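Novice: Read top to bottom, the protein sequences are chains A and B.
The first sequence runs 1 to 266 under the numbering used here.
The second sequence runs 1001 to 1281 under the numbering used here.
Honestly, the hints are just simulated from the structure, not real lab data.
Please note that the accuracy of each hint is not assured.
[Claimed, not checked] Which bits of chain B does chain A cover? Going by a derived footprint, with three or more residues having C-beta under 8 Å, they are:
1) 1043-1050
2) 1094-1101
3) 1135-1147
4) 1173-1181
5) 1185-1191
6) 1265-1275
Computed from a predicted structure; not experimentally measured.
For glycine and all other residues, C-beta sits at the position ideal for the given N, C-alpha and C.
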Amino acid sequence: MSEKKMTAYDRVKLARAADRTNIMEYIEALFEDFLELHGDRLYRDDPSIVGGIATFHGIPVTIIGQRKGRTTEENIRFNFGMTSPEGYRKARRLMEQAEKFGRPIITFIDTPGAYPGIEAESNGQSNAIAENLAVMSRLKVPIIAIVTGEGSSGGALALGVADRVWMLENAVYSILSPEGFASIIWKDASRAAEASTVMKITAGELKELELIDGVIPEGNRSFPILDSLLVETLEKLRKQSGAELANARFRKFRRIDGLFDGKRGE
Amino acid sequence: MNIDDIFRQRRKRWDILLKQRTAAQEEQTECPSCHAVVETSKLREKRWVCPHCGFYLSMDPVSRIRFVCDEGSFRELFGNLPQQNPIKFPQYEEKLATMREKTGGNDAFLAGEARIRGIRVAIGVMDSRFLMGSMGTVVGEKIARLTEYAGKRKLPLIIFSASGGARMQEGLFSLMQMAKTAAMVEQFKEKGGLFISYLTNPTTGGVSASYASLGDIIIAEPDALICFAGPRVIEQTIGQKLPKEFQHAEFLLEHGMIDMVVERKRMRSTLHKILKLHASV
Ligand SMILES: [Zn+2]
C-alpha cells in the first residue's frame, strides 16, 4: 500500500493489528536493565499497565505504558490494554517516584480507552484520570509520551501530558474510537471509516494541527530513529531546571485553544 | 342598569379572567421523571425540583446564578469569545449558531464574578442545553480564563458542571481541554486557591475525568449521574443491566468519590458556609 493512498481507517486497522510492536518490544529494543514495578499501593496491580525503571544510554529513566497481548489469553490478562483506575494510580505512583529520584519519564500509549466496567467506575475511573492529568502538568522531570498504536480518549491522555508528544507514523490519537464517535454523531457505528477521516486522528494531521510534536517513521528505521530522537531530546530537556520544565509543559497545554485566526475575546 | 347590561358586563369580565388564566397556564413543563405537567412559574419557584416526585430538572445557567448569587451581583466574563471550528467539522458552525440562538450563550459555559451572601467569588456554570454541555475549546478556554481570573484576584472558584463530556465535533482539541483545565485548577489550588466543584446531572466523560474531579471540595446534587463511561457503554461491555443507583451521586458518596450530596434548597447556604470557613482571617 503506498502511503498516499492509505486512508485514516487503514491506519486505524494497522494501529490495532495483533502483531503491532508492543511496549515490551520497545523496552527490549531501546533500554537496558529493565526492572518492572507493580501495584498502586491502594488496591491491586493492574496488568494493563507496565511500569518500571531502566537505563537509557546509561541514564536511569522511568517507563510506563499500556500493554496489549499477542494471544487471546494474554489479551484477556492485560484487558486488551484497557486501563482501570488502579493502573492509572500505579502510573501516578511511579511518576512521582521518578520525580523524587530525578528520572525522566517515558510513556508508551496504546489503548482502546479506559476500561468501562462496574469496578472501574466504582473505584473512581474519572478521579484516577483527572489526578494523572493534574500531576503530570506539574512534575519537575522531563516527560516524553509516544503514541505507538491506538491512543483513544482520556484513557490515553492520562499518560500523555508530556513535554514532547510523538506518534508512530501509523498510530492514531483520538477523542474516542471511530466506532464510538460514529455511533454518537450519526447513531451508526458502522460508519467508523468515515468517522476516522473527519475526526483528524492520524499522526500527519495532528502534527499539522500542532497537537503533537513529532512523527516517527515505521519499518526498519523505527528503532534507530526513536533512539536518536530520545537521546537528542532528553539531552535538551535535562538541561532545564525542574521549574522550567513544569512551566513550559503547563504553557504548552494552556495554549491549546484552537483560536488559529488570532481573534480573541475580552 | 338593566339585568342584561349587568350580564353583558360580567361576561366581559369572565372572558378577560379566562384569557388571563389560559395565558398563565400556557407556560407549562412536563417532569421528565413522573410526567406530571407543572406550571413553569411554580417549577421555577421550587428551584426546578418537581413538586410531585422530587425529581431535579436541569437548571439553565441564568437560573442557577439567580439561586446561588446575591441579587444583581453577577457580572459576566469572557462572554464574547469567538466560536471556531478547529477540525473543520461539517455543519458545525450552523449547529453552533442554532445553539447560540436557543440558549442565548456563546457556548456551553457561563462565567463571571458574583457575590454569595457578600463574599466575592469567580463562578462558572455549564449549560447542558448547549450540545449537551460538552467541553470544546471555547468551554475549555473560558474555564482556563476564569481560573486565572480567580487566581489573580484571590477569589474562590466555583464551577457547576453539567456535561456529556468532551465535544466530539472538535476532535482531539476537545481531549486536550481536559489536560488544560486539569492543569489550570491544579496550579490554582497549588497557589492556595479554593476550588469548589459542584456536579449536577449529568457530569460524565471528559468533564468528570478532568477539572470536575479535582475540587478541594466536591459537591453533587441528589441522584445526579456522575461517571466516566456512561451506563449504556458499560452495559454493552459487560452484557448485563446495571443496578439503578449505580453511578448516581449517592453511590459516589458511598464509594468515597465526593464530599457531599446537597439538596438544591441548601445549595446557597452550603456554599456560603464553605466560603465562610475558608475566609482569610
Ligand atoms: Zn416529577
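Novice: Taking 8 Å as the C-beta cutoff, is the stated coverage of the segment 1173-1181 of chain B by chain A satisfied by three or more residues?
Specialist: With 8 residues close enough to chain A, the hint holds.
Novice: For the segment 1185-1191 of chain B, do at least 3 residues have a Cβ located nearer than 8 Å to some Cβ of chain A?
Specialist: holds (count 4)
Novice: Can you confirm whether chain A covers the segment 1265-1275 of chain B, using C-beta to C-beta distances below 8 Å and requiring at least three such residues?
Specialist: violated (count 0)
Novice: The segment 1135-1147 of chain B covered by chain A? Criterion: 3 or more residues, Cβ-Cβ distance below 8 Å.
Specialist: The restraint on the segment 1135-1147 of chain B holds, since 6 of its residues have a Cβ under 8 Å from chain A and three suffice.
Novice: Three residues minimum, CB to CB under 8 Å: does the segment 1043-1050 of chain B make the cut for coverage by chain A? Let me know.
Specialist: Coverage by chain A is violated for the segment 1043-1050 of chain B (0 residues, Cβ < 8 Å).
Novice: Cut-off 8 Å, C-beta pairs, minimum 3 residues; does the coverage of the segment 1094-1101 of chain B by chain A stand?
Specialist: violated (count 0)
The structure does not agree with the numbered hints 1, 2, 6 stated previously, though it agrees with the rest.
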